[in-house]
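Sequences are here, hints too, so could you generate the full structure?
The opening residue of the sequence shown carries number 73 in this note's numbering; numbering runs sequentially from there.
There could be a bad hint or two in this list.
List time: in silico SDA-like cross-link candidates among lysine to any residue, alpha-carbon distance up to 25 angstroms [unchecked claim]:
id: 1; residue 1: Lys178; residue 2: Thr136
id: 2; residue 1: Lys184; residue 2: Leu115
id: 3; residue 1: Lys184; residue 2: Val166
id: 4; residue 1: Lys178; residue 2: Ala256
id: 5; residue 1: Lys149; residue 2: Met199
id: 6; residue 1: Lys316; residue 2: Met255
id: 7; residue 1: Lys178; residue 2: Glu356
id: 8; residue 1: Lys316; residue 2: Ile261
id: 9; residue 1: Lys316; residue 2: Val306
id: 10; residue 1: Lys183; residue 2: Ser157
id: 11; residue 1: Lys233; residue 2: Lys183
id: 12; residue 1: Lys149; residue 2: Ser160
id: 13; residue 1: Lys178; residue 2: Asp281
id: 14; residue 1: Lys258; residue 2: Gly217
id: 15; residue 1: Lys149; residue 2: Thr221
id: 16; residue 1: Lys183; residue 2: Gly217
id: 17; residue 1: Lys184; residue 2: Gln314
id: 18; residue 1: Lys233; residue 2: Gly217
id: 19; residue 1: Lys233; residue 2: Gly293
id: 20; residue 1: Lys233; residue 2: Ala133
id: 21; residue 1: Lys316; residue 2: Gly217
id: 22; residue 1: Lys286; residue 2: Gly315
id: 23; residue 1: Lys286; residue 2: Asp263
id: 24; residue 1: Lys316; residue 2: Val338
id: 25; residue 1: Lys183; residue 2: Glu253
id: 26; residue 1: Lys286; residue 2: Asn296
id: 27; residue 1: Lys183; residue 2: Ala230
Just so you know, these hints were derived from the structure itself, not from any lab.
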Amino acid sequence: MALNKPSTMKHLKTLTLFFLTIFVISCSDSDDNSTPTDELAGLQLVTTLQNDSHDISLYTADGTLQTGYNLIAMQIKDADGNPISNASITWNPVMHMMSMDHSCPKSAVAKKQNADFTYEGFIVFQMAGNDMESWELTVNYTINGTSYTASSTIDVAASPKRRVESFQATDGNRYVVAMIEPMAPKVGINDMTAVVYQMESMMNFFAVDDYSVKIDPRMPGMGNHGSPNNVDLVSIADGFYQGKLSLTMTGYWKVNLQLVDAGSTVIYGNEVTEDSPGSNIYFEVEF
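Right, here's the structure in full:
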């Protein structure tokens, strides 16, 4: 019996189109599901805040929150596990102490660069939590005109090295200065970045521009010797300061600091001299 070739070819084309459609849909679903994970490459989960509608997950490079500067990524997922791409987010960290409550410097929360489902911001914790005192993070957000909130106690550990200073300066104002870079120091000239914030009230801090931060790195265990070619940190924008940190050898370094106001007056921090081997504010670097 002869085959009906036109009918057979039509049937094969239909099957081919069917399987091609299934393949495209499958790939599309796979891409959609993998996108939020890809946006979190190199990050580890810290904790997840929950309410009746969403899970709000926080991520950092090492999966912890520590005293000092913390760059934090965030994703919001609905009850079915679908990530949200159109949320407007604010957050408020509060330290509940035995005698008072206070907040800390923080940035706005915005969409992470080149991301659809991941948001990002930073928080500068001045102190660690303990058995009697703890940090609470509240996340407020709006999706399609509906407002939500989620709060949870968060663990903030003491950084292994000193990377944040909180103090009252001679101008009567209280400041928070925190180191961002270098996090992976090397022998030679390192890019150095820090943030400077002023306390407006116990719950509000604002970024300080047009100041400078003098640096004087020393090795206390090696005769307190210094290093050449350091460049003091100068204001670039939004409370961020940049300079150059010279580290001539591996080991423990104490980076002595002096905060200088817009009028070129040192308002806090001791100068290193023969009689004064270190400033009363400093960062620590060891590698």
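Query raised in the report: So which hints don't hold here, by number, going up?
Result: As far as the earlier hints go, 5, 11, 14, 18, 21, 27 are violated by this structure, in ascending order.
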